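Enquirer: Each chain, written out:
2 protein chains.
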Amino acid sequence: MARSVTILGAGLVGSLLAIILRKRGHTVTVYERRPDMRKAAIGAGRSINLAMSARGWKALDLAGLRKDMEALAIPMYGRYLHQADGSAAFQQYGKNNEAIYSVSRGELNKKLMTLAEDNGVTIHFGQRCTKVDVTTNTIHLQDPDGTEKSVQADLLFGADGAFSALRHSYVHLDRVNASQQYLEHGYKELTIPPLPDGTMQMEKNALHIWPRKNFMLIALPNTDGTFTCTLFLPFEGKPSFDKLQTKEEVLAFFKEQFPDAVPLMPTLLEDFFENPTSALITTHIRPWHYKDKSALIGDAAHAIVPFYGQGMNAGFEDCTVLSGLLDKYGDDWTAILNEYDNKRKPNGDAVASLALMNFVEMRDKVADPAFLERKKIEKELGRRYPEQFVSVYEMVSFSHTPYDTAMQCIEAQDRLLKRIMSEGDFFAKAEDSTFGVKLDEWMKEYHTAVQQLDFGNETP
Amino acid sequence: MARSVTILGAGLVGSLLAIILRKRGHTVTVYERRPDMRKAAIGAGRSINLAMSARGWKALDLAGLRKDMEALAIPMYGRYLHQADGSAAFQQYGKNNEAIYSVSRGELNKKLMTLAEDNGVTIHFGQRCTKVDVTTNTIHLQDPDGTEKSVQADLLFGADGAFSALRHSYVHLDRVNASQQYLEHGYKELTIPPLPDGTMQMEKNALHIWPRKNFMLIALPNTDGTFTCTLFLPFEGKPSFDKLQTKEEVLAFFKEQFPDAVPLMPTLLEDFFENPTSALITTHIRPWHYKDKSALIGDAAHAIVPFYGQGMNAGFEDCTVLSGLLDKYGDDWTAILNEYDNKRKPNGDAVASLALMNFVEMRDKVADPAFLERKKIEKELGRRYPEQFVSVYEMVSFSHTPYDTAMQCIEAQDRLLKRIMSEGDFFAKAEDSTFGVKLDEWMKEYHTAVQQLDFGNETP
Numbered sequence: 001m002a003r004s005v006t007i008l009g010a011g012l013v014g015s016l017l018a019i020i021l022r023k024r025g026h027t028v029t030v031y032e033r034r035p036d037m038r039k040a041a042i043g044a045g046r047s048i049n050l051a052m053s054a055r056g057w058k059a060l061d062l063a064g065l066r067k068d069m070e071a072l073a074i075p076m077y078g079r080y081l082h083q084a085d086g087s088a089a090f091q092q093y094g095k096n097n098e099a100i101y102s103v104s105r106g107e108l109n110k111k112l113m114t115l116a117e118d119n120g121v122t123i124h125f126g127q128r129c130t131k132v133d134v135t136t137n138t139i140h141l142q143d144p145d146g147t148e149k150s151v152q153a154d155l156l157f158g159a160d161g162a163f164s165a166l167r168h169s170y171v172h173l174d175r176v177n178a179s180q181q182y183l184e185h186g187y188k189e190l191t192i193p194p195l196p197d198g199t200m201q202m203e204k205n206a207l208h209i210w211p212r213k214n215f216m217l218i219a220l221p222n223t224d225g226t227f228t229c230t231l232f233l234p235f236e237g238k239p240s241f242d243k244l245q246t247k248e249e250v251l252a253f254f255k256e257q258f259p260d261a262v263p264l265m266p267t268l269l270e271d272f273f274e275n276p277t278s279a280l281i282t283t284h285i286r287p288w289h290y291k292d293k294s295a296l297i298g299d300a301a302h303a304i305v306p307f308y309g310q311g312m313n314a315g316f317e318d319c320t321v322l323s324g325l326l327d328k329y330g331d332d333w334t335a336i337l338n339e340y341d342n343k344r345k346p347n348g349d350a351v352a353s354l355a356l357m358n359f360v361e362m363r364d365k366v367a368d369p370a371f372l373e374r375k376k377i378e379k380e381l382g383r384r385y386p387e388q389f390v391s392v393y394e395m396v397s398f399s400h401t402p403y404d405t406a407m408q409c410i411e412a413q414d415r416l417l418k419r420i421m422s423e424g425d426f427f428a429k430a431e432d433s434t435f436g437v438k439l440d441e442w443m444k445e446y447h448t449a450v451q452q453l454d455f456g457n458e459t460p
Numbered sequence: 001m002a003r004s005v006t007i008l009g010a011g012l013v014g015s016l017l018a019i020i021l022r023k024r025g026h027t028v029t030v031y032e033r034r035p036d037m038r039k040a041a042i043g044a045g046r047s048i049n050l051a052m053s054a055r056g057w058k059a060l061d062l063a064g065l066r067k068d069m070e071a072l073a074i075p076m077y078g079r080y081l082h083q084a085d086g087s088a089a090f091q092q093y094g095k096n097n098e099a100i101y102s103v104s105r106g107e108l109n110k111k112l113m114t115l116a117e118d119n120g121v122t123i124h125f126g127q128r129c130t131k132v133d134v135t136t137n138t139i140h141l142q143d144p145d146g147t148e149k150s151v152q153a154d155l156l157f158g159a160d161g162a163f164s165a166l167r168h169s170y171v172h173l174d175r176v177n178a179s180q181q182y183l184e185h186g187y188k189e190l191t192i193p194p195l196p197d198g199t200m201q202m203e204k205n206a207l208h209i210w211p212r213k214n215f216m217l218i219a220l221p222n223t224d225g226t227f228t229c230t231l232f233l234p235f236e237g238k239p240s241f242d243k244l245q246t247k248e249e250v251l252a253f254f255k256e257q258f259p260d261a262v263p264l265m266p267t268l269l270e271d272f273f274e275n276p277t278s279a280l281i282t283t284h285i286r287p288w289h290y291k292d293k294s295a296l297i298g299d300a301a302h303a304i305v306p307f308y309g310q311g312m313n314a315g316f317e318d319c320t321v322l323s324g325l326l327d328k329y330g331d332d333w334t335a336i337l338n339e340y341d342n343k344r345k346p347n348g349d350a351v352a353s354l355a356l357m358n359f360v361e362m363r364d365k366v367a368d369p370a371f372l373e374r375k376k377i378e379k380e381l382g383r384r385y386p387e388q389f390v391s392v393y394e395m396v397s398f399s400h401t402p403y404d405t406a407m408q409c410i411e412a413q414d415r416l417l418k419r420i421m422s423e424g425d426f427f428a429k430a431e432d433s434t435f436g437v438k439l440d441e442w443m444k445e446y447h448t449a450v451q452q453l454d455f456g457n458e459t460p
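Chains P and V supply the protein sequences, listed in that same order.
Residue numbers for the first sequence follow my numbering, so the first one is 1 and each next one is one higher.
Residue numbers for the second sequence follow my numbering, so the first one is 1 and each next one is one higher.
Pulled out of the complex, with its shape left as it was, chain P reads as follows (with noise of 0.2 Å):
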């Protein structure tokens, strides 16, 4: 039986949404806050450019984008980070040469509106929900000059983002938990342009950094050859952005901080004093949905930080998940919505989790040659036990474990690879057969401890 479905928010999931639904036959109307961003040119969100990875395409293929935006896509190999000493190091993200690819953000929203109008969804633009009446499934909301309306939903999805409406309301209800946590570190946006010919003036297909401890520099490739970077610093303290606030601050901090990125910032000045320097916020909350009305889905549901590139995929594998329980369940949306809930809650704590501990890796971890090491030999015991061994990093990236499946072997990977480091240099004796008795029992080990956990369709 279609419902008539409400989606609060047309950003990248509650477009992604709409399409899913749509293409199954509902009436699907999309209530979306900022203008039309085809027609205007406004901020396309809080970055410019995203990583799209193996979650994200998968919920592209059902919504039938992939070809379109792979020729928009830039596969990004690695991490090229550039070293305090001065030294640089590539660091491969896969073993078997996978990427993850800087997408621009507006243009993958552009396409998924678009597609989503074709398919005969109804955007609404510049319509600001305020609240929602949960219980009545009534939304609230507010015209560009102020004039209220409500509307009364059948059902209802809240994709409108880290401050959203829906799971305000729902923060009221009885008993539920909720919480919201800021970093202590702000970001914002810098660039670096191509050439006067055009040519890009960093490896393109990488994804740079600049670790420094307790901050860093980021830097993503576009199509039109630019680089967006991203500076992310504690907003108190010193080093901060407090501490930056005139031209020669920002000029000495990062000549020193970053002395080969500035020759190829032009701008630097002007683009540190113009952009805002946002905030970070990572949001928890419990229940998801609300009986079989109502449901947070994507950032609205577990806004996190953006570290481990995986905002937008865990957002499109709701949808993903979603999809898989219509198909299971058909028009029983209490089990739908009940079962979305039990089985993306946890996977929500997961990549929380893992985004805010990737932030210690990227500005900092990096940087220590050790970590290098390890990192190294976990793609190289990925190639000897593929059958047996795969990294956090790739479960996340490249493959749809569950985030919180991924999360519960990290313990087991900290253990095996603590016992193969202490063993001396691993590359050298990697023939030597007693160390290979030694290495088959530890990785039989390993795999006994997380093979009980659930894989999905994965290998373990």
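It is possible that part of the hints are untrue.
Only pairs whose alpha carbons sit at most 30 Å apart, straight line, appear in this in silico DSS-like list of lysine-lysine [stated by the list, open to error]:
#1 V:LYS213 to V:LYS343
#2 V:LYS247 to P:LYS238
#3 P:LYS343 to V:LYS238
#4 V:LYS365 to P:LYS188
#5 V:LYS149 to P:LYS291
#6 P:LYS243 to V:LYS343
#7 V:LYS343 to P:LYS291
#8 P:LYS293 to V:LYS243
#9 V:LYS213 to P:LYS131
#10 V:LYS238 to P:LYS131
#11 P:LYS110 to P:LYS149
#12 P:LYS131 to P:LYS429
#13 V:LYS188 to V:LYS343
#14 P:LYS293 to V:LYS149
#15 P:LYS243 to V:LYS345
#16 V:LYS291 to P:LYS247
#17 P:LYS345 to V:LYS343
#18 P:LYS291 to V:LYS365
#19 V:LYS255 to V:LYS188
#20 P:LYS345 to V:LYS149
#21 P:LYS131 to V:LYS343
#22 V:LYS149 to P:LYS149
#23 V:LYS365 to P:LYS238
Pair ranges (Cβ atoms, derived) [as the list claims (entries may be wrong)]:
#24 P:PHE427 to V:HIS172: 49 to 59 Å
#25 P:ASP68 to V:ILE410: 52 to 62 Å
#26 P:THR135 to V:ASP68: 38 to 48 Å
#27 V:SER278 to P:ASP68: 31 to 41 Å
#28 V:HIS172 to P:LYS418: 38 to 48 Å
#29 P:ALA279 to V:LYS149: 46 to 56 Å
#30 V:ALA279 to P:PRO263: 55 to 65 Å
A few chain P residues that don't get close to chain V, going by computed Cβ distances all over 10 Å [said to hold, decoys possible]:
#31 GLU189
#32 SER353
#33 TRP442
By construction, these hints were calculated from the structure, which means they are not laboratory data.
No experiment lies behind these values; they were computed from the predicted model shown.
Using N, Cα and C, we set each Cβ at its ideal position, and we do this for glycine too.
Fit chain V to the supplied structure of chain P, relying on the hints for placement.
Expert: Frame of chain P, contents of chain V only:
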């Protein structure tokens, strides 16, 4: 310079704060959501009686109310344990006959309101605050008939409890961290009346507990000869409130679990089905204040579960601390609210954790003979080494040691007591001189470990 102070909430903390600020010459206006409880018979909030301890008394001194309340307070010198096997045990709280005091929430609140008004505080009843525009300090109020008005505040305090409107308004400010977590357990109040001749049916000067691992019943004495009982039980699962739907189910559950209590509760079934099942929330928020304009206090800043009997005590201590900062900083409200926030926030977090931990102690650990033995040893250590050892329970209930410091002593005390108890029967070998030497050594070690902590003016 006298300021015009607005307080949201005329509960225990709001009324006490009003008195303290009025006595210092400020104009004080209070807006209270409920009608005047001195005129209408209404519920006094979430529990009928409270356990007043050292921090609460100290704040009542500031208001000049200690004498009045002492006349109405019933000392409870320890826990009277009604074990599952039918045996009983008494576990004394302090080593010097200290007590916590059962006090009527309603009586205390009425006295505080009257004293506030006698001192020139204006209290407006039936005024529900719906939200606060924090940056402009504009308060939105709603009459019982739905009429809305807004009031401009100079200096604003949110003493409006766990679901504080000021707190909810803070949540929308930039970079505010906040969380709300419900316990899986709910609670329901029941009653044990006196005998027809007025005699109380159980030991008067104790806090009665029926510890049953994952749930418990407790009872506190009242001056009218009754006991207020509270059943703490999971909402769902087995056993749970969910599984107690019929009179037969309730009676069977009580007869099986609390056979000695059933004959004392003639209105058990009426109470059970008439009284609500309520939820238990813990909240955190950071910051607790906004510039020199507003601050949260009491449950509005740190709603906690009731198991350490510290909710009111912590809120009253907030008032004591604030009062001290008024002495220290005079009219500099930026400094006052800043230091109030910095000083109290870690203690709010600590008392929230202590309260959650004490639930496990009350419902589960006190049924374990080894735990009761440990409590006896702790008291003996306090007697023998008064300069070196105070138990965490004593710090929390009988001292003014910051909650955060008490929290930080837990690990060192656990280590110490584990060592002592691993040596066998403490009281049997208490006179053994070899053991005495060892014990002296351990106590010195413990004392060194905790000595660097901030005990305020108390003995570490």
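Enquirer: State for each hint whether it applies.
Expert: The hints, checked one at a time:
Our distance criterion of 30 Å between C-alpha atoms is broken by LYS213 (chain V) and LYS343 (chain V), whose separation comes to about 35 Å. A distance of roughly 65 Å separates the Cα atoms of LYS247 (chain V) and LYS238 (chain P); the hinted pair therefore is violated under the 30 Å criterion. With a CA separation close to 23 Å, the supplied pair LYS343 (chain P) and LYS238 (chain V) stays within the 30 Å bound. In summary, the hint linking LYS365 (chain V) to LYS188 (chain P) is not supported, as the alpha carbons are separated by about 51 Å, beyond the 30 Å threshold.
Of the supplied pair hints, the one linking LYS149 (chain V) and LYS291 (chain P) is violated, its CA atoms being roughly 35 Å apart against a limit of 30 Å. A hinted pair counts as satisfied when its Cα atoms are at most 30 Å apart, and LYS243 (chain P) with LYS343 (chain V) qualifies at roughly 26 Å. Annotation: proposed proximity of LYS343 (chain V) to LYS291 (chain P) is violated, straight-line Cα distance about 43 Å (limit 30 Å). The hinted pair formed by LYS293 (chain P) and LYS243 (chain V) meets the criterion: a straight-line CA distance of about 26 Å does not exceed 30 Å.
Note on LYS213 (chain V) and LYS131 (chain P): the hinted pairing is violated, with a Cα-Cα distance of about 41 Å set against a maximum of 30 Å. Distance restraint check for LYS238 (chain V) and LYS131 (chain P): the Cα-Cα separation of roughly 37 Å exceeds the 30 Å cut-off, and the hinted pair is therefore not satisfied. A threshold of 30 Å between alpha carbons decides the hint, and for LYS110 (chain P) with LYS149 (chain P) the separation of about 27 Å falls inside it, so the pair holds. Between LYS131 (chain P) and LYS429 (chain P), the direct Cα distance comes to roughly 63 Å. Violation of the 30 Å bound is thereby established for this hinted pair.
For the suggested pair LYS188 (chain V) and LYS343 (chain V), the alpha carbons sit about 35 Å apart, so the restraint of at most 30 Å is broken. Between LYS293 (chain P) and LYS149 (chain V) the alpha-carbon distance is near 34 Å, which puts this suggested pair outside the 30 Å criterion. A distance of roughly 26 Å separates the Cα atoms of LYS243 (chain P) and LYS345 (chain V); the hinted pair therefore holds under the 30 Å criterion. For the proposed pair LYS291 (chain V) and LYS247 (chain P), the alpha carbon gap of about 29 Å is at most 30 Å, so the pair holds.
Restraint check: the Cα-Cα separation between LYS345 (chain P) and LYS343 (chain V) comes to about 35 Å, which exceeds 30 Å; the hinted pair is violated. Between LYS291 (chain P) and LYS365 (chain V), the direct Cα distance comes to roughly 38 Å. Violation of the 30 Å bound is thereby established for this hinted pair. Taking the CA atoms of LYS255 (chain V) and LYS188 (chain V), the gap is about 17 Å. The hint holds against a cut of 30 Å. Annotation: proposed proximity of LYS345 (chain P) to LYS149 (chain V) is violated, straight-line Cα distance about 41 Å (limit 30 Å).
With a CA separation close to 35 Å, the supplied pair LYS131 (chain P) and LYS343 (chain V) exceeds the 30 Å bound. With a C-alpha separation of about 22 Å, the suggested pairing of LYS149 (chain V) with LYS149 (chain P) holds against the 30 Å cut-off. With a CA separation close to 46 Å, the supplied pair LYS365 (chain V) and LYS238 (chain P) exceeds the 30 Å bound. Range check, PHE427 (chain P) to HIS172 (chain V): Cβ separation about 54 Å, and the 49 to 59 Å hint holds.
Distance hint check: the CB atoms of ASP68 (chain P) and ILE410 (chain V) are about 58 Å apart, consistent with the given range 52 to 62 Å. A beta carbon spacing of about 45 Å between THR135 (chain P) and ASP68 (chain V) agrees with the range 38 to 48 Å that was offered as a hint. Distance hint check: the CB atoms of SER278 (chain V) and ASP68 (chain P) are about 54 Å apart, inconsistent with the given range 31 to 41 Å. At about 44 Å, the beta-carbon gap between HIS172 (chain V) and LYS418 (chain P) stays in the expected band of 38 to 48 Å.
The hint said 46 to 56 Å for the Cβ distance between ALA279 (chain P) and LYS149 (chain V), and at roughly 34 Å that hint is violated. Between ALA279 (chain V) and PRO263 (chain P) the beta carbon distance is about 60 Å. The supplied range of 55 to 65 Å therefore holds. For GLU189 (chain P), the non-interface assignment is confirmed: its Cβ lies about 18 Å from the closest Cβ of chain V, beyond the 10 Å cut-off. The beta carbon of SER353 (chain P) sits about 15 Å from the closest Cβ of chain V, which is more than 10 Å, so the claim that it is off the interface holds.
Annotated as non-interface, TRP442 (chain P) keeps its C-beta farther than 10 Å from every C-beta of chain V; the closest such distance is 33 Å.
Hint compliance for this structure: hints 1, 2, 4, 5, 7, 9, 10, 12, 13, 14, 17, 18, 20, 21, 23, 27 and 29 are not met, and every other hint is.
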